[in-house]
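Start from chain A and add chain B according to the hints.
From first to last, the protein sequence lines are chains A and B. With the working numbering, letter number 344 in the first sequence gets 362, and the count goes up by one each step, no holes. With the working numbering, letter number 602 in the second sequence gets 620, and the count goes up by one each step, no holes.
Read the hints as simulated data drawn from the structure, not as lab findings. Fair warning: there could be bad hints in the mix.
Note that the list lumps identical chains together, so a pair holds whenever it fits in one copy or between two copies.
What the hints assert, rightly or not - No more than 30 Å apart at the CA atoms, straight line, and that leaves these computed lysine-lysine pairs for DSSO-like:
1. K508 <-> K54
2. K361 <-> K312
3. K51 <-> K685
4. K393 <-> K324
5. K61 <-> K529
6. K134 <-> K54
7. K452 <-> K710
8. K743 <-> K123
9. K156 <-> K540
10. K710 <-> K782
11. K508 <-> K782
12. K405 <-> K742
13. K508 <-> K61
14. K685 <-> K300
15. K61 <-> K475
16. K300 <-> K688
17. K448 <-> K770
18. K710 <-> K735
19. K540 <-> K132
20. K123 <-> K134
Now for the letters of each chain:
Protein chains: 2
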Amino acid sequence: MIQKFGKTLGFAALALGMGLASSQVAAQDNLEKVMKERGLTQKDVLAAAKTYTPTGGRDEFVAFASGGQSGQVIVYGIPSMRILKYIGVFTPEPWQGYGFDDESKEVLAQGRIKGKDITFGDTHHPAISETNGEYDGKFLFINDKANPRIAVIDLHDFETKQIVVNPILKSEHGGAFVSPNTDYVIEAAQYATPLTHDYVPLSEFNDKYRGAVTYWKFDRKKGRIDESKSFSVELPPYSQDLSDFGKGPSDGWSFTNSFCTERYIGGIENGRPPFEAGCSQKDTDFVHMVNWKKAAELVAAGKADKINGHDVLSIDTAVKEGILFLIPEPKSPHGMDVSPDGKFFIVSGKLDTHASVYSMEKIFKLIENKDFAAKDPYGIPILDLQKSLHTQVSVGLGPLHTQYDSTPCVVYTSIYVDSQVTKWNYCEGKVLDKISIHYNIGHLMTMEGDSVKPQGKYLVSLNKLAIDRFQPVGPLHPQNHQLIDISGDKMELLYDMPLPLGEPHYAVAIKADRLKPVNRYKVGWNSRKDEKSAYRARPGREKIVEENGVVHVYGTLIRSHITPEIVEVEEGQTVSFHLTNLERAEDETHGFAVNEYNVNLSAEPGKTVSATFVADRAGVFPYYCTEFCSALHLEMQGYLLVRPKGTKASGGAVDEGQTYTQDDYTKQVKTNNDTQAVIDSVVAFITSRNFKDFAPVVALVEDATDQLNFAADAKKKSEDYAAKKDFHNGTLWAQQWFQYQVKAADIGLRAKTYLEQNGAVEVKK
Amino acid sequence: MIQKFGKTLGFAALALGMGLASSQVAAQDNLEKVMKERGLTQKDVLAAAKTYTPTGGRDEFVAFASGGQSGQVIVYGIPSMRILKYIGVFTPEPWQGYGFDDESKEVLAQGRIKGKDITFGDTHHPAISETNGEYDGKFLFINDKANPRIAVIDLHDFETKQIVVNPILKSEHGGAFVSPNTDYVIEAAQYATPLTHDYVPLSEFNDKYRGAVTYWKFDRKKGRIDESKSFSVELPPYSQDLSDFGKGPSDGWSFTNSFCTERYIGGIENGRPPFEAGCSQKDTDFVHMVNWKKAAELVAAGKADKINGHDVLSIDTAVKEGILFLIPEPKSPHGMDVSPDGKFFIVSGKLDTHASVYSMEKIFKLIENKDFAAKDPYGIPILDLQKSLHTQVSVGLGPLHTQYDSTPCVVYTSIYVDSQVTKWNYCEGKVLDKISIHYNIGHLMTMEGDSVKPQGKYLVSLNKLAIDRFQPVGPLHPQNHQLIDISGDKMELLYDMPLPLGEPHYAVAIKADRLKPVNRYKVGWNSRKDEKSAYRARPGREKIVEENGVVHVYGTLIRSHITPEIVEVEEGQTVSFHLTNLERAEDETHGFAVNEYNVNLSAEPGKTVSATFVADRAGVFPYYCTEFCSALHLEMQGYLLVRPKGTKASGGAVDEGQTYTQDDYTKQVKTNNDTQAVIDSVVAFITSRNFKDFAPVVALVEDATDQLNFAADAKKKSEDYAAKKDFHNGTLWAQQWFQYQVKAADIGLRAKTYLEQNGAVEVKK
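If we strip away everything but chain A, and leave its shape as in the complex, we get:
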């Protein structure tokens, strides 16, 4: 009987099996108590267990969400739903030094439009680079709707490397999505405008306003978009929307849906019905199909026109060459999703209750047979909706975006108005399950659900409203991403995650083990250009030189001092700080801020960063490391002195605030010797264990060895001064020797604790 209960009661069984140690009994008692106190149901505890990730644990998937109007990319772990990073993309962000150091300013400057800074982006759709249609974890692309641009993020260091400005569009939405081998990144227009960027009155909308779809050529080897090899296909002034690339049998094609094919022009201020009415009157809008592989060949063959210096295939050429077709779709759709096998795509109209499954086979047959239902006003052949469809399924009110499961034929569609996710089978056209979300879901995301190999397991519902889900924080609410378990037949809500900054529109999630980021740079690295910095400095080789009227400071950063510590210039001079972080230890980032000059840098281990400014005000400007990098981080400081124009450097001797004697020296040396004894005991512990089997400890030992070498250096200086009876400097260098010892001890203790907690064993010498 006991055994039977033991078997049915999971948690109990576990305790029984483990022998009911008193701590386990305590845990049991406590769980019941905690559940009561916190009002948790068993289902809640199960959800907690499915998402909770203990210290040091890893998530199975990593999600990249657009940061909406924040202009950034949000990185979070699944299932823990903990946000790991906001990556600076279109908006300057000082913690990362993004838009503050000269190197990243160059990246942001690429995003200028007609010479003017744009200091935000309305990011919408991130895309992970693919190889043969599978996520490869190398690059991430994201678009800006407000000012048509695409950014390239390198996932080896999670930094933005490039921003390209769309040369013809003034509004976009349907990007970024990648072709199965990341040859191209697509960006489709949204609100139509004249492609030449001229002023054209709205009365000429139908004739002179246009949409387009741009294919950005990605150079994988360089990790950059090649603007010169990129091109666009002109489209009618239908508000183009989301896009996707074909794969497998549909590889070579791209698909872009649209709304407001009514070409309605608002004017509520003149008593006309607003855009929302005029743009949703027709029952259907159009899917745009483009044969991009053939389009690229046509561009190569010189069939494109140049608009603003950019290759554009006109509608006429596209129609003549047979690379552009339209297919009706339920009105005001949002979401264009090609199936993993490339045989179908699914579209839903937001004002409809149906999801429409289109058959590539049927579509290609219609095209092959030139079986067109009509032509649009611009001469583009229109395929018949019914002849193109595989099936239509009633999934709920306000269907929007569909993502694929690991089980063939199973998909999930977000239902905006009903605030639900519908699970259904698109092969058989059958609804399988529904779950309520909170509230008004926009896009949704399954794991690698955009790729040829969806991973199933989890779904995230990107809700547009949180309303009452979280502790109130004023009129501007966080967004709510809800994690849903899709491993069983029934969907189960696991977790509500507030998004504290930005409104993500779309997200992609990759298996965590596909990402292989580095944790330090080669020493003296310009991370934005991925090359050695011309401004790197080596320890002991720091210098201040005037070149072409600019005072260049080639400095270094290391726990816990900045070299140089004093920089004096004349008012009006341009100063250029170049700082190399000499650390090799993981997570030993140093910052650098200068008072009044709006200088704020972040230098991760190995990185060289620069800040150039005109020292146009005389005075005394403290600088310091902004990262709490060591016990003495507050002492990691310096002064920029700007003497008034026309004055000479004072050069007066420093008036010491404190002087030290032989007694001070002797006392400090004794402290150091005592400290060394502690260090030696820690070193003995570590080296007597199999520490080489633990990568983090190997790294720590490497770092500690560095510190001890620095200590030996300072010790020598100290002893040299003492030998010359200069006990003042002898004492100070002895103190510096001690500081290195403290750092070595800090690292050593961390290594020792790691070994103790991770089951290291004693080894024979």
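This is chain B only, laid out in the frame that chain A set:
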């Protein structure tokens, strides 16, 4: 026997008590399975249960953490450790429109230094306003270390309202902390500089460089700092550090510690030992004690000198008047924490192993008796360390910051080098417990641990290094805040929380129910000034007017259109958009972005926001709502047309892309009537329930009623056009009528679901 197991095995007992329904058995089985799959221990499950917060749940505490160099404030819930908001403070942030709308630009402009923008802040220490020493949840203050400034955040809407620039300091650290009734906010210097802001060579450091402590007068009624009533006390060029206000018996005093009282001036570039060595040579630094109440009286009595137009009490005056004293403290301290009863303060030296508990009673007696040990080089009386101490306790290597428990005499100290938190009793001088953290803790935070009434329960360890704790995301790591359960005798680690943006230095946590934020503004509200906006517009009263050469657009935002939809100006004109969000529904924020002109606004319900810019380029610039606010949010769009300089408005009639007939009209009206039937059934459901007992539903019903009134309006227009046989406009207005119906249905369905899920009951009419 079974019963005995039942009693000991918490979870099992629960199931037994509940009768073992099959779903519960499933839950049990699942828990065991999940634990096995995810490698969770019982302790992990317990921690999960202690932190997991189910959908719609509330946290017990809300934490405000500095955002470090991000320049922002981070808000998160405890124990769920979910980040709820990043509040824009010193750094522009587009999601919030902060630094993008004219209103918030004015706030940031207050933070300019000598006319130049500073686009970041190095935020360190947030402080919640207090009443009688208890957190009152009304205001939050935070400092900027890099460019000495204090920001005021109003917690009624979580927005930054004011930034003040310190008139004499060029570096600070010891702020913001508040007096027990928030009369004053303290800000203490860090790196000494000439207070006049003149250039002075470092050779004159001892004579002409100074520190200071500034007391900012806070006007509670206005919710703003009154700069004219604020003052400073000059201090020696010791690097002042953290501060705290006295309370109870020590009310009227403030305490500020320091480092580098050696007054060492680095110069590693010239072969001198670096600051870190010279600044940590002496065994002790100084606590600065200031009688601020008396200081305020002295200032009022005209005893202050004006420096840069600001009242400063000189060291000489402060000494003469007996309001300034020094007490030695173990070197390089960090953390200055007055006990809840105001009888003690605790300080620890970062290079020491002790925490030092000072007795206010002893200190005041020494002052009363003029029992001074010495004077410093600036004539300030120094109290004897030993005579001032209550006790010193060995707490670990690298102690830093101490926070108070709800149990009298119990405190927690962060131990940087040992990577631990030590729990100890400061009355009895006894260590009670230690726990390892990951890694290198800086500050720590207990619940309301800064106030006269600490709440115990939880402690957060603000670690400086995360290293291997999280999924790698490149060389720049997130920070790691670890939640620790302090409700029992032993501390228990509950949760690792990555901080995705910024390096928080300090945090404060308040009981959630002390916060009473609003979720909407009065209509037409300038939230930064807390007054009606001069630029508000009412529905139907939108207008475009030229005033003093500026084209003012008085517009409105509502699901799902912007009024006006078309704005045409001449190249070179200044355009000023003023947009009022007419929504009354919680969380119905609208955004507004204009292509190319770097315009990006966020308008929460009721808010009026403005964007002013010179339309210096001719062309067509789409604008749109950046928030996914409704099913037709993509259609919430418009065009800014900038015609070339010297040209006239074209005024040509719009060429309709689509025209509608009587059939279209009839069809649309039928759809609308069908939709109305659905709405009626939802309304019938809601009104037959006790919906008035559910505040969120009452708000939804209010919103739905609004939408239905709009629908009625559009219906009338539609019918009027149809009556005149204008079926084109009749159809379009019928569509608009339908759009309002869709919104009403959306809201109604949400209300219905809420009632169903929250146990509403049928009521008799």
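Structure-based check of all given hints:
1. K508 <-> K54: both (27 Å within a copy, 21 Å between copies)
2. K361 <-> K312: Answer is within; shortest intra-copy Cα gap is 20 Å, inter-copy 82 Å.
3. K51 <-> K685: neither (56 Å within a copy, 61 Å between copies)
4. K393 <-> K324: within (26 Å within a copy, 80 Å between copies)
5. K61 <-> K529: both (26 Å within a copy, 27 Å between copies)
6. K134 <-> K54: neither (59 Å within a copy, 56 Å between copies)
7. K452 <-> K710: between (52 Å within a copy, 29 Å between copies)
8. K743 <-> K123: neither (51 Å within a copy, 60 Å between copies)
9. K156 <-> K540: Classified as within: same-chain Cα gap 19 Å, cross-chain 49 Å, threshold 30 Å.
10. K710 <-> K782: Close inside one copy (13 Å), not across copies (76 Å); limit 30 Å.
11. K508 <-> K782: So K508 and K782 fail the 30 Å test inside a copy (55 Å) and across (37 Å) alike.
12. K405 <-> K742: neither (97 Å within a copy, 40 Å between copies)
13. K508 <-> K61: For K508 and K61, the Cα distance is within 30 Å both inside one copy (14 Å) and across copies (29 Å).
14. K685 <-> K300: between (89 Å within a copy, 11 Å between copies)
15. K61 <-> K475: both (18 Å within a copy, 25 Å between copies)
16. K300 <-> K688: Between copies, since 15 Å is at most 30 Å while 88 Å is not.
17. K448 <-> K770: Between copies, since 26 Å is at most 30 Å while 58 Å is not.
18. K710 <-> K735: neither (33 Å within a copy, 80 Å between copies)
19. K540 <-> K132: Classified as neither; 36 Å inside a copy, 39 Å across copies.
20. K123 <-> K134: The answer is both: 13 Å in one copy and 19 Å across copies each meet 30 Å.
Checked against the numbered hints listed earlier, the structure breaks hints 3, 6, 8, 11, 12, 18 and 19; every other hint is satisfied.
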